[in-house]
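Colleague: Residues per chain are reported as follows:
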Amino acid sequence: MVNLIVVLCLCVAGIYAAYALWDNNRVYSAARDVQADMLKIKPAVEEDGGASFEELLAINPDVCAWVSLDNTRIDYPVLQGSTNLTYINKDVYGNFALAGSIYLDTRNERDFSDAYSLLYGHHMENSGMFGDLDLYKDQTFFDENTTGMLILPGNAYNLEIFACLLIDAGEDAIFDPEQWQTDIDGLLSYAKDNSLHLREETINKLEQMDKPQVLALSTCSTESTDARTIILAVMEPYQAADQEES
Amino acid sequence: MKRWMSIILGTVMAVMCMMTMTVPAFAAENPGVSIPVTVSLSGTLPKPAEDFTIKLRADNASYPMPEDSVGDIYTMMITGADTKNFPTITYNRVGVYTYTIYQLAGNNKKCTYDDTVYALTVYITNAEDGSGLEATAVLYPDSEGNKLPGAEFDNEYETVKPTPTDPDTPRTGDESTPTYPHAPKTGDESTPVLYAVLIAVSLGVIVFLFLTRKSKKAEE
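As you go down the protein sequences, you meet chains A and B in turn. Numbering of the first sequence is given in my numbering, commencing with residue 1 and proceeding in unit increments. Numbering of the second sequence is given in my numbering, commencing with residue 1001 and proceeding in unit increments.
Don't take every hint at face value.
[What the hints assert, rightly or not] Capping the alpha-carbon separation at 25 Å, the derived lysine to any residue pairs in SDA-like fashion look like this:
no. : chain 1 : residue 1 : chain 2 : residue 2
1   : B       : K1055     : A       : N95
2   : A       : K40       : A       : G81
3   : B       : K1084     : A       : S127
4   : B       : K1084     : A       : Q35
5   : A       : K137      : B       : V1138
6   : B       : K1055     : B       : T1098
7   : B       : K1055     : A       : E125
8   : B       : K1084     : A       : D33
9   : B       : K1084     : A       : E125
10  : A       : K137      : A       : N71
11  : B       : K1084     : A       : D37
12  : B       : K1084     : A       : G94
13  : A       : K137      : B       : P1141
14  : B       : K1084     : A       : A36
15  : B       : K1055     : B       : N1092
16  : A       : K137      : B       : Y1140
17  : A       : K211      : A       : G186
18  : A       : K137      : A       : I203
19  : B       : K1055     : B       : A1119
20  : B       : K1084     : B       : S1069
21  : A       : K42       : A       : N84
Please keep in mind that the hints were generated in silico from the structure rather than gathered at the bench. This structure is a prediction, so every number in the text was calculated from the model and none was measured.
All chains, full assembly: derive it from the sequences and hints.
Modeller: Right, here's the structure in full:
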């Protein structure tokens, strides 16, 4: 009988140790390169525009999208926390990380149904997080690179970049998303007046759209502590674009 | 026999208690930051690996510090090329807290020690949703630049080319010069070993008990 108890205890101890080892390994390997891990489970867009977020949502239910900009290293899951600081120093696993995560403003709808949605990301070294938004400050890069993608669990959007701005962190036109939800024209005229680089024809197209949607990507700028680099992009439903072509 | 068993049981219990204590506690109420530090090496590495001294110093003695700090300085040792985190600093008051992270130069004359000074700023604010305090931490090199995911010190050893004809040059024993460019091993090494030992011991005792029981039955 005593033997049985000892064997049971040892089994429990052994199983616990095996679990702890596995868990340790999982957590630490995750810390090593979160982006590489994430790219392995990046949702693939299917024909109907939908994508499977199961694996990402299993890691963190706060994941609401995936954003990528072509010819940059920006290719990340997007999260929405309970406050706008929830993910400023937290990776997708919920671990403390100085690089934080890419996240959607809490005032925005997490299904990106808003007319104006605002994303934040740190300006990290080696093009980490939104570090590559800097590239668009260069006129040539801005002219040659206009495309990106926003993938959601139910649908996807082609992104077409139309403005690059260098502004102050206190600028309401950009950092108060609620004011543009019914009428986006004010944002467009602000962009026209304050952009570093602008693509007029894209703005014209945007003004013709029935239900225009704009995505802003914001990151700190090295110019000063309160300076922000902003990229504005039109969100065009992926499926609609496909149908136009066919 | 019984005594022997109670000793094993006691040991297992003690080890398990120890492990539950090492599980990191993420306090929901008070935010904390834990900054990773990486030492990377190049050139001909010494044997055994050198210990590097990394310091975290508060710019003001009243700022929160990791446990086991001496005054406003916490000292962390990193052996060889490795990545380790400073223990978590927890905050219970709104404010802006600044620290510097630097490496103390060692005594090895063949090593050029990275003297980069990193500036850590931690902003503690009230959460918008009233759930308590929130922390925002940013790390910069001393000259203003991009944000960093962690502090890194690149130490460079002289590359020794062994010349067997020269009696003055001692044999280094290691002709290959391994470099470890940014290959951090994360986490503390001791715990996984502990777990592995625990698995081995558990399995060993189970097998032993099983065998002795069998032989007992055979005797009967």
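Colleague: Of the numbered hints stated previously, which ones are contradicted by the structure, given in increasing order?
Modeller: none
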